[in-house]
Amino acid sequence: MSQETVLIRGMAEADLPAVHALEQVLFPDDAWTMDMLRGELDDQPRTRHYVVAELAGDRPGELVGYAGLAAAGGQADVQTIGVRPDRRGSGLGAALLTELLDEAARRGSDAVFLEVRADNAPAQRLYERFGFERVGLRKRYYQPSGVDAIVMRLVLRARPPVGFSGEA
Numbered sequence: 020m021s022q023e024t025v026l027i028r029g030m031a032e033a034d035l036p037a038v039h040a041l042e043q044v045l046f047p048d049d050a051w052t053m054d055m056l057r058g059e060l061d062d063q064p065r066t067r068h069y070v071v072a073e074l075a076g077d078r079p080g081e082l083v084g085y086a087g088l089a090a091a092g093g094q095a096d097v098q099t100i101g102v103r104p105d106r107r108g109s110g111l112g113a114a115l116l117t118e119l120l121d122e123a124a125r126r127g128s129d130a131v132f133l134e135v136r137a138d139n140a141p142a143q144r145l146y147e148r149f150g151f152e153r154v155g156l157r158k159r160y161y162q163p164s165g166v167d168a169i170v171m172r173l174v175l176r177a178r179p180p181v182g183f184s185g186e187a
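Numbering (the numbering used here), first residue to last: 20 to 187.
Because the hints were derived from the structure by calculation, they are not lab data.
What you are looking at is a predicted structure, and each value in this text was computed from that prediction instead of being measured.
Fair warning: there could be bad hints in the mix.
Okay, derived cross-link-like pairs now, SDA-like style, lysine to any residue, Cα gap no bigger than 20 Å in a straight line [to be verified]:
(1) LYS158 with ARG125
(2) LYS158 with ARG126
(3) LYS158 with VAL170
(4) LYS158 with ARG57
(5) LYS158 with GLY127
(6) LYS158 with GLU134
(7) LYS158 with ASN139
Label pairs and their calculated CB-CB ranges [unchecked claim]:
(8) LEU26 with VAL154: 14 to 24 Å
(9) ASP48 with ARG107: 29 to 39 Å
(10) GLY155 with ASP105: 31 to 41 Å
(11) ALA40 with ARG176: 32 to 42 Å
(12) GLY108 with ASP61: 31 to 41 Å
(13) ARG176 with ASP105: 17 to 27 Å
(14) THR52 with ILE27: 31 to 41 Å
(15) ALA75 with ARG157: 36 to 46 Å
Beta carbons: idealized from backbone N, C-alpha and C, even for Gly.
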């Protein structure tokens with residue numbers, strides 16, 4: 020099998036059918052609807068940043084992942100990250116997360132939050148490698164399965180204490 024190049028680019032309206040199809044494979048119990056995906060995309064770039072990962076080379080345009088960020092008021096939230104099952108473990112999830120964190124920093128966010136399924140240990144390990152820390156638990160968050168969500172936070176930059184002028 021040849022090594023294929025993956026391109027990460029902004030998500031467009033034309034990507035929604037492929038994203039939705041992948042969403043249904045990855046999250047069969049609680050997949051987002053086309054309307055939900057379209058609504059997220061409609062808020063781009065104002066408060067949202069969505070990207071897709073597609074193959075380049077022999078099979079250009081084949082979607083292998085996607086990710087989305089909401090950012091406003093100094094805080095960002097990872098909305099979703101999805102990687103096609105045959106691409107897991109390839110570093111694609113880390114590349115998508117890096118893109119979202121870079122965008123959060125570009126938007127001046129102080130912290131990034133996310134929810135991750137309590138039964139998704141690989142995703143938890145990925146987030147922990149990036150420095151995310153567990154800050155809460157949302158009981159029965161994912162429906163209809165009733166799986167808990169672990170709330171995680173990554174502080175991007177520390178704010179100076181109140182009254183700090185920065186002068187020596």
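Give me the numbers of the hints this structure contradicts, sorted from smallest to largest.
Hints 1, 2, 4, 5, 8, 9, 13, 14 are the ones this structure does not satisfy, whereas the remaining hints hold.
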